[in-house]
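All chains should be modelled from the sequences, with the hints used to inform the complete structure.
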Amino acid sequence: MLNIAVLSVNHHLATIEIREKVAFAQNELAPTISSLLAIQGIKACVVFSTCNRSEICVTYDVDNIREILSEFLATTHGIEHSLLLQYVSFFEGNEAIQHICSVASGLDSLVLGEPQIFGQLKEAYQFSK
67 MLNIAVLSVN
77 HHLATIEIRE
87 KVAFAQNELA
97 PTISSLLAIQ
107 GIKACVVFST
117 CNRSEICVTY
127 DVDNIREILS
137 EFLATTHGIE
147 HSLLLQYVSF
157 FEGNEAIQHI
167 CSVASGLDSL
177 VLGEPQIFGQ
187 LKEAYQFSK
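Read left to right, the sequence shown gives residues 67 to 195 (the working numbering).
Accuracy of the hints is not assured; some may be wrong.
Across the chosen pairs, the derived CB separations fall in these ranges [stated by the list, open to error]:
| # | residue 1 | residue 2 | range |
| --- | --- | --- | --- |
| 1 | Ile82 | Lys109 | 29 to 37 Å |
| 2 | Gly107 | Pro181 | 30 to 38 Å |
| 3 | Ala170 | Ser148 | 12 to 20 Å |
| 4 | Asp127 | Ser100 | 12 to 20 Å |
Calculated from the structure, these hints are not laboratory results. Every residue, glycine too, gets a C-beta built ideally from N, C-alpha and C.
Given below as structure tokens:
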């Protein structure tokens, strides 16, 4: 059975310096997605960054997905794993779906209802196909 998870570094826990450090530039998205899909157990993924968040959304069938995703983010961005964990939010199952909906609708934005996030998330989804 496939599960869904989201690893998020956002304005709730992370400073702007940390958010900038873990951001995915547009030219990094394709190799990042390829690298994630090469990890055993990850079946699909969407990756996106805005000024206030970086998110990795995956479907998976392994037990230790939180560790896999946080290690991946730490390694790819040159951050000590233990430091990164202070700034990471992790969601699984229904909580992951609820989080994605909150982000897409702007309810989880620094500016409540911010309209650009839906387009950014939609673009990230299209890119990951």
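Structure-based check of each hint:
Separated by about 33 Å at the C-beta atoms, isoleucine 82 and lysine 109 satisfy the suggested range of 29 to 37 Å. Roughly 35 Å separates the CB atoms of glycine 107 and proline 181, a value that falls within the hinted 30 to 38 Å. Roughly 31 Å separates the CB atoms of alanine 170 and serine 148, a value that falls outside the hinted 12 to 20 Å. One distance hint, 12 to 20 Å for the beta-carbon pair aspartate 127 and serine 100, holds here, with the actual separation near 19 Å.
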